[in-house]
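Asker: What follows is the residue order along each chain.
Number of protein chains: 2
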Amino acid sequence: MPTPGPMPTPTPGALRTVDEHLAGCLAAVDVLAPVDVALADALDLLLAEPVRSALDLPRFDNSAMDGYAVRLADVAGAAPGTPVALPVRGDVAAGAAAVPPLAAGTAVRIMTGAPLPSGTEAVVPVEWTDARTDTVTITRAPDPGQFLRHAGEDVRDGEEVLAAGIRLAPRHLALLAAVGRATVSVHPRPRVVVISSGSELTPAGEPLPPGHIHDSNGPGLVAAARDLGSPARHAGIVADDADAVRAALADAAAHADLVVTSGGVSAGAYDTVKAVLRDLGGVTFTKVAMQPGMPQGFGTLAAPDGRAVPVFTLPGNPVSSLVSFEVFVRPVLRRLAGEATLHRPAVPAVAGASWSSPAGRRQFVRATLAPGPDGGPPVAMPVGGQGSHLVADLAAADCLVVVPDAVTAVAAGSPVTCLPLERGRR
Amino acid sequence: MPTPGPMPTPTPGALRTVDEHLAGCLAAVDVLAPVDVALADALDLLLAEPVRSALDLPRFDNSAMDGYAVRLADVAGAAPGTPVALPVRGDVAAGAAAVPPLAAGTAVRIMTGAPLPSGTEAVVPVEWTDARTDTVTITRAPDPGQFLRHAGEDVRDGEEVLAAGIRLAPRHLALLAAVGRATVSVHPRPRVVVISSGSELTPAGEPLPPGHIHDSNGPGLVAAARDLGSPARHAGIVADDADAVRAALADAAAHADLVVTSGGVSAGAYDTVKAVLRDLGGVTFTKVAMQPGMPQGFGTLAAPDGRAVPVFTLPGNPVSSLVSFEVFVRPVLRRLAGEATLHRPAVPAVAGASWSSPAGRRQFVRATLAPGPDGGPPVAMPVGGQGSHLVADLAAADCLVVVPDAVTAVAAGSPVTCLPLERGRR
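Here the protein sequences come in this chain order: A and B. Going by this note's numbering, the first residue of the first sequence is number 1, and it counts up by one from there. Going by this note's numbering, the first residue of the second sequence is number 1001, and it counts up by one from there.
Isolated chain A (complex conformation):
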């Protein structure tokens, strides 16, 4: 434990509003530069290039069925009562490189997807034949061109097959592979490194020394970033030691597109994250008019490669930490990923109980949403206590009720706005 310095003098002053703080955070970031990734890593990412095919699809004329390539004149009138027998002069499998031409008065056996012999006018499916390989007897005449697939009928060489900006679904990845693309340019999801700060923290699964608690913000914040599709990593717990905090921040900045710390940023004498970042510069510490989550910090860290890496310093209370992630970090991560929609959709509801809200602060109330009576709007019922240390009550909630800054009392039955805490990726 380091020797504590004096407690910082409290600075009353005006609080920043949630909207002011968020606007400042968003203004500091832009979509990450596109990267080429393998198709296997591109699912669900936003395409950063228009993709043109460099080949026809199908690439060559081929058979739509397992059967026999024929000329129309040779099978005209084939029917159960008047079968036509043709000598089979060759066999074309899918993938065949050398394809024999189709001589008049003969058939060539052919498989689905195999290149057509020159001269083919239709394919007779094996189901319309006796399936023999020496001489085939055909009992039904195909229409002209029947069961033929023509080069380029799906995609033309040079055609744009996918527009920039689409979200890559499995069917898009199948198309990219079909046109020969092994890699594709996408907007990457920001790499996130999470640092848990505090000498009182012990990882879950290890015995708790006296006075210690388990670190819950590390696992929670990493999961919140992963829920948005970000590759996120927990750098672990860093004690209240300036050298350790400085080293952890430097390592995080080197490997991240965004760094999130929790703890060490309020008014305490041991708030080392704040002290170190004040020394380094680049981060502004702010009191935001919200409950929970008042002490906020945002800015940039200098990475060794010269990048200015955005950093959020979130409060250490677990509820404050996850609510701050929702309100500030989530929109910034989505902007970095190139997403058009930054915020969770807001849902109108009615309050299921009455409660008070601090004047001049935006309140985020943990609540559960239940269907409303008679098909009316859903009912938002606050969950247990609202202390920012009550992680079980946070876990029991499935939405946040957003109470506007000027409102000091919410009456049961009055309209409220909710942010359902559903999966974050969409």
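Among the hints, a few may not be true.
What the hints assert, rightly or not - Some but not every residue of chain B turned toward chain A, in silico, with C-beta under 7 angstroms:
1. Val1161
2. Ala1178
3. Ala1204
Stated by the list, open to error - Simulated restraints on C-beta separations:
4. B:Asp1036 with A:Thr284: 41 to 49 angstroms
5. B:Val1347 with A:Glu160: 22 to 30 angstroms
6. B:Gly1375 with A:Gly152: 35 to 43 angstroms
7. B:Ala1038 with A:His150: 52 to 60 angstroms
Claimed, not checked - Covered stretches of chain A, going by a simulated chain B footprint (3 or more residues, C-beta under 8 angstroms):
8. 112 to 120
9. 196 to 204
10. 221 to 232
11. 386 to 393
None of these hints come from the bench; they were simulated from the model. Backbone N, C-alpha and C define an ideal beta-carbon position, used for all residues, glycine too.
Mind docking chain B on chain A? Use the hints.
Answerer: This is chain B only, laid out in the frame that chain A set:
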């Protein structure tokens, strides 16, 4: 290329319905046995155990603020005009193991989350003081118990904090960490191995030999499984060679909870997957009354550890392959993962055009959904051609229109049922 055998004699017979085939597939599988995973791997999985806390939360009485622990009598009447000065006799940081008792007539400096000195009756926030460390001057009196957090007020030792069956969100993982759990029992998502079968296939990114096409089913099916949260791997392309197919299937079964092959299962002479699995036994090949996707195979492979691993043999045409995944593989993967909802939600729409559908077959028409006029139901407009080789048209679709087996004509403006092809995980 192996020497082709005779073409199998076609067996007309009755087709199985989609519902019959799906019911057979679902009846053959059950939810995978729960596994213990690290919290970092548990996001979005279904909890397989009720979780009880083995400790109180908070674990010990602690301070809700950075400030000074006091006795009420010592600060009664403190106000800006009548400040109270108390000697500061100690300093408690969060994580402190040894906490001095609070003597009457003194204050102890204390940080948020730090254990309370015995005798503490309230905490005075630093904002109500001059923040000094020798003698502190206090200008506001706290209420009894103010800014104290009490052991067990969030969670009691032994209390159930999460019920079995919930889907683990970030806030649940934070709670699990807070109660000390480093691992948790969950229903795992099935491991999927995908095999692309066909001597005509070349991976995307490699030059195409004559007669070859790029494998699009491998990347598409792997992505479709990952879209459901499954760890999925592409075992690569296997040529039409019985030994190679046998080896690939054996290796896949050893490492998968479900194997998916594409290609090699229709009526062709080179359909090696079908030939090998007919030899091995355990897989039934079926003609299903659907368009696209008629030739289907499902059964089990014997893994070296004795498990019977479900295997789907999907048709090789890319549209048939992905539609078959949607219709048959997706519900089976969700049942293996323990999900209650197996199917995509169906959306009512109206047909944006007229088209025909084969008698006695369920048709899955690739289409786009657009908002309906005047707030009416959305309009489903078929996309381009419906040939099962048209992968660009598949990619352009965002839903499948499901035309019932008995319907042979869909009229523009008539009601239809759609399956939107949105992200699969929920």
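Asker: Checking against the hints above, which ones are violated?
Answerer: none
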